[in-house]
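Can you make the complete structure from the sequences, with help from the hints?
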Amino acid sequence: MKRTFSLAVMGTLALALAGCDWMPGKPLRSEEIVAPMAVTNFLTLYNRNCAGCHGIDGNIAGSFSLNDPTYLAFVPRETLRKIIVHGVPNTLMPAFSLEQGGPMTDEQIKILMDGIEGWKEPPGLVSLPPYSAPPGNAAAGKPLYETYVTALRARNGDAMFGDNFMANAAFLGLSSDQHLRTLLTIGRPELGIPNYLEAIPDRPLGDQDLDDMVAWLISQRKNEFGQPLSPTPPAPVALPAPAASSTSTQVTPDE
Amino acid sequence: MSDSSNQPEKCACEGAPKANRRDFLLKVGFGLNALAGAMIGIPIIGYALSSFVQKYPLKKISLGPVSKFPEGTTRLASYHNPYSRKWDGDTAEIPCWVRHIEAEKFQVFAINCTHLGCPVRWFEESKLFMCPCHGGVYYQDGAHASGPPPRRLYDYECWVEDGELFLKGGILPTLADPKV
Amino acid sequence: MTEIFRNICLWVDDRLHVSKLFAATAGHHVPKSSGSWFYVFGSMTLLCFMIQVVTGTLLAFVYVPSGSQAYETLMYLSFQQPLGWYLRGLHFWGSNFMVGIMCLHMTQVFLFGAYKYPREVTWISGCILMIITLGLAFTGQVMRFDEDAYWGLGIGAAIMGRVPFIGEQLVHLMLGGPIISSDTLSRFFSLHVFILPGSLIALVSLHLRMVLTKGINEYPKPGQLVRKETYEKEYAAIIKKEGVPFFPKAISKDLVASAVLIFVVMFCAAYFGPKMPNGLADPTQIDTLPRPDFYFLWIFAVAALLPDYTETFILLVSGPVILTILFALPFINATGEKSWRRRPVAVMTVIVIYVVLGILTYLGHTSPWSPHMDAWSSVPTERSRVVNRTPLELQGLVLLQNKQCRNCHAIDGIGGHRGPDLMDVGARLNAPQLTRQIVQGGGNMPAYGNKLVPYEIDALVAYMVSLRPPGVPAARMSTVPGVPPKQTIDSAVLPEAHKGR
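Protein chains in written order, with our numbering: chain A, 1 to 255; chain B, 1 to 180; chain C, 1 to 501.
To spell it out: a stretch of chain C is covered by chain B in this simulated footprint if at least three of its residues, at any positions, have a beta carbon under 8 Å from a beta carbon of chain B; those stretches are:
id	region
1	149-163
2	169-181
3	280-293
4	301-310
5	433-447
FYI, nobody ran anything at the bench for these hints, they're computed from the structure. These figures come from a predicted structure and were not determined experimentally. Glycine included, each C-beta is placed from N, C-alpha and C at the ideal position.
See the structure below:
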């Protein structure tokens, strides 16, 4: 009895002294708390800063999914970077770089960019329309848009058409021209809004069609409340104001 | 040593006058110790309470050129605490929120929530300061919006001099002393 | 050989009076009934303190209480110093157990009426020991000079700053200067390693001295009342009749409990490890969620839940009031029934205190009143809350994220919990009500009127109206008479933007 006890004591001591390298309580360097601006893990950065509006993995969100390969193929890398750094004035996309009052350092934005690029897939056979283009002919866009909506309705039922779909004053007032163009071009496949090739059965939309539809939607904008048609830019000095009202909200380079 | 140890016996047989002297000596002993105690104690208490008594006047501190703070924005800035020591490390840098309203109009807010001093964070999109501790919320001009804070954010006195933003600061603002 | 050894022992005993001291202390007679499992908590608390003294002294070999180096030396202790992490673990868990077992000890003493005549001084010294122990716990968490420690000091200073007349001076006294700095850490270090442990040792001496002079409480029997006139005689009779020397007759359960305690502390230290510092105490790093250690979470919760007009009063007055009650207890309630079986009020008090502290600690842990600071940019939305939405409603969802609504409002439980969950808001509020709430705020919500343009409000409201459990219609307009119930009300009276759903 005595011997068993002393053995147990010795054993415990030996464990306590020698075994510490594998003790579960031993803190690991990898568990050290990293200051938010020193985080270098892509997914941590993405989940903290982007996932709320752009979704991740199975989660879809209010704005475009950044893990949609079509979207990534559509947006030029440099444009995407500038959007992240400066945000898009007059829209809901905030600036994320430190100089613009955001939470991320330049290195972190680079890590984020590289990670998002990693979601890219080799482009399919189809070459996408250019990311931005001036609006086309509104009159030609009207019937096209109506066909587009009819096709979508036939496809998805009525659920998403309550507010006149895209031809809704508030929606148009809040959406930049680029947003309309992007939505028409790549759609939101995860929500059942197909891209420009599949939107209207047997009639893939061409570059000109897209320009015309955007033009028609722009012509439907109203200014019911006399306010600027989209919110005031969050950081007016950070960036020259986007070119005269309604051409494109592609970000102007400033560096 | 041997003298004093012999004394009691002597005293005992020689009677009252000696006893009086001993009482007197005891009183002197007490008195001297009280005096010595006070003399050694007062400076010790003075040392321990020095920060209780001392006044800490606000100091003029630069936050750097105005161009660091674009008009219409609210940005985090920090200054070196004028009362800091060499060994303060990171705690010597004190953060504050700078709101550039227009031209030379600025507001500088202390980082500390007026409820219990936690660091408030600015949210550009909703134009609110939020506190992570007990949910105090303030509007962009520092006014109390919701939650437990008893008053608006603490304001620094600030002004622009030759294109440089200055403030008066250096102490932790609390409800007892809200002028930062 | 044995003769020489014996002689040495006798010589030592003759010069140092060891055996007399032993007989008068460890050998003192206690009622046999006190050798109970309920009586082990006091010695366990003391043992915790001894663990703390040893491990703390050793940690001070490495730790540097300086604003610029404390964090670095903690990292060195945790990662490089051989067994540094284990010592830190022992010290951390030792402190947790010390606070916890101290509470058990106090509860037992209260329920067994041990504070009653003639053990008032034992109780009062115990109460001061409790304050010192909590003081050690608070100053100890400052030693882990991290974000929580820094902002914890800020919270302490903010409470001090509410003291009338001398608030400012008290803040400066506490901080050792005008602002939280290395001087603050140094004085908390001094408190933690010299002043408080020194006072604790002195008071433990008094506490134990009282156990010797007035005796340990006999195991109370229901119906056996304490009377000042007769108690001491009765106690002497008990000791005479069934008294046993504490050592070796009554100590066995204490010994077992102590060993178990050491094993448990060792296990926790080895298995769960120390609490790691939560990021460098860099005040400019404001992306932080300051939280106190476990045992102060209830105070954190109280600070959040008090109505603002009572807050200063309660924060400042409750401490002295509670202490006065504790100190006065043995005088107010000096005699009478000791057994908890006949003291329902005492039992209820204990239950209420534990339930309240438990709930407050849980609330402090979950802190539903705190905004979820990253929610707006990080929390996902459940798939069914996104699909089948119009483009306007999708813009509303993006706005809901962008304007930081999610920091305070969860959807399906994901997000902040300061405000109501929005998962069924469309069934509770109709569009004008939602608009009014957003624009004017109220009910602890900031007003968003001047932060949103009308179209943004339209989009937000459109999305929120769509947030309903499946099959539940949108909240109806209460002020529009004569609209047939079958028709969806909002499409009848709302502007174009809201029609349809």
